[in-house]
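Generate the whole structure from the sequences, applying the supplied hints.
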Amino acid sequence: MRPKRRRTRLLLAASVAVAALAVPLGVRVASGADSATAAAPPPEPAGSECRTTIEGSRVVAYCHNPYPSTDLVQLHTECARWWDVDADGAAVAVEPGRTVRLEDRCWKEIATAWVSHRPAPV
48 MRPKRRRTRL
58 LLAASVAVAA
68 LAVPLGVRVA
78 SGADSATAAA
88 PPPEPAGSEC
98 RTTIEGSRVV
108 AYCHNPYPST
118 DLVQLHTECA
128 RWWDVDADGA
138 AVAVEPGRTV
148 RLEDRCWKEI
158 ATAWVSHRPA
168 PV
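Residue numbers (my numbering): 48 to 169.
Think of the hints as simulated: they come from the structure by calculation, not from any bench.
Glycine included, every Cβ here is placed at the ideal spot set by N, Cα and C.
Be aware that one or more of the hints could be misleading.
What the hints assert, rightly or not - Below, computed lysine to any residue pairings styled on SDA-like, alpha-carbon distance capped at 20 angstroms:
#1 155 / 101
#2 155 / 115
#3 155 / 116
#4 155 / 114
#5 155 / 105
#6 155 / 138
#7 155 / 113
#8 155 / 169
#9 155 / 139
#10 155 / 135
#11 155 / 111
#12 155 / 99
#13 155 / 107
#14 155 / 102
#15 155 / 129
#16 155 / 136
#17 155 / 87
#18 155 / 100
#19 155 / 104
#20 155 / 119
To be verified - FRET-style restraints, in silico, Cβ to Cβ:
#21 53 / 87: 49 to 55 angstroms
#22 102 / 135: 19 to 25 angstroms
#23 128 / 148: 34 to 40 angstroms
#24 56 / 93: 57 to 63 angstroms
#25 113 / 163: 16 to 22 angstroms
Okay, here's the thing in structure tokens:
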């Protein structure tokens, strides 16, 4: 019975040693601490807040930009009928502190409508 006890103690000691070496390395990787990389500043908030309303065959979206950068918004409409043409509206610039109205329609029902955003070129 003596060899089993010795083997168990060696396995336990080896696993403790591996854990002791791995924990500091894991903490360093998780915190991103590296002498070669500098912390990048967080990105500035941007983008408009849009509210979309669908009533029958018409869709209206109001987009307000509370941020200091200009945002380009575009209304996309998918019609419910196969013969009805889906549409992508023109991109509209929403300046800081402004609200714009986007609208579109289908001949019959609207399946879905959404607004896409992208930053305006500088």
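Hint check:
1. Straight-line distance between C-alpha atoms of residue 155 and residue 101 comes to about 12 angstroms, which keeps the hinted pair within the 20 angstroms bound.
2. Taking the CA atoms of residue 155 and residue 115, the gap is near 39 angstroms; set against the 20 angstroms cutoff, the hint is violated.
3. Only pairs whose Cα atoms come within 20 angstroms are accepted, and residue 155 paired with residue 116 is rejected, the gap being roughly 37 angstroms.
4. Only pairs whose Cα atoms come within 20 angstroms are accepted, and residue 155 paired with residue 114 is rejected, the gap being roughly 36 angstroms.
5. With a C-alpha separation of about 9 angstroms, the suggested pairing of residue 155 with residue 105 holds against the 20 angstroms cut-off.
6. With a C-alpha separation of about 24 angstroms, the suggested pairing of residue 155 with residue 138 is violated against the 20 angstroms cut-off.
7. With a C-alpha separation of about 34 angstroms, the suggested pairing of residue 155 with residue 113 is violated against the 20 angstroms cut-off.
8. Distance check on the hinted pair: residue 155 and residue 169 sit about 39 angstroms apart at the alpha-carbon level, beyond 20 angstroms; violated.
9. With a C-alpha separation of about 25 angstroms, the suggested pairing of residue 155 with residue 139 is violated against the 20 angstroms cut-off.
10. Of the pairs offered as hints, the one joining residue 155 and residue 135 holds, with about 17 angstroms between alpha carbons and a cut-off of 20 angstroms not exceeded.
11. Taking the CA atoms of residue 155 and residue 111, the gap is near 28 angstroms; set against the 20 angstroms cutoff, the hint is violated.
12. Taken as a hint, the residue 155 and residue 99 pair is honoured in the structure, with Cα atoms around 18 angstroms apart against an allowance of 20 angstroms.
13. Taking the CA atoms of residue 155 and residue 107, the gap is near 15 angstroms; set against the 20 angstroms cutoff, the hint holds.
14. Proximity of residue 155 to residue 102 is assessed by CA-CA distance (about 11 angstroms); at most 20 angstroms being required, the pair is judged to hold.
15. Distance restraint check for residue 155 and residue 129: the Cα-Cα separation of roughly 10 angstroms lies within the 20 angstroms cut-off, and the hinted pair is therefore satisfied.
16. With a C-alpha separation of about 18 angstroms, the suggested pair residue 155 and residue 136 falls inside the 20 angstroms cut-off, and the hint holds.
17. At roughly 50 angstroms between alpha-carbon atoms, residue 155 and residue 87 are farther apart than 20 angstroms, so this suggested pair is violated.
18. Between residue 155 and residue 100 the CA atoms are separated by roughly 16 angstroms; this keeps the pair inside 20 angstroms, and the hint holds.
19. Our distance criterion of 20 angstroms between C-alpha atoms is met by residue 155 and residue 104, whose separation comes to about 5 angstroms.
20. Distance hint between residue 155 and residue 119 is unfulfilled; the C-alpha atoms sit about 28 angstroms from each other, more than 20 angstroms.
21. Taking 49 to 55 angstroms as the suggested C-beta distance range, the pair residue 53 and residue 87 conforms, at roughly 52 angstroms.
22. At about 20 angstroms, the beta-carbon gap between residue 102 and residue 135 stays in the expected band of 19 to 25 angstroms.
23. Between residue 128 and residue 148 the CB atoms are about 25 angstroms apart, so this pair departs from the stated range of 34 to 40 angstroms.
24. Range check, residue 56 to residue 93: Cβ separation about 60 angstroms, and the 57 to 63 angstroms hint holds.
25. Under the hint 16 to 22 angstroms, the C-beta atoms of residue 113 and residue 163, about 18 angstroms apart, fit the expected range.
Of the numbered hints given earlier, the model fails hints 2, 3, 4, 6, 7, 8, 9, 11, 17, 20 and 23; all others are met.
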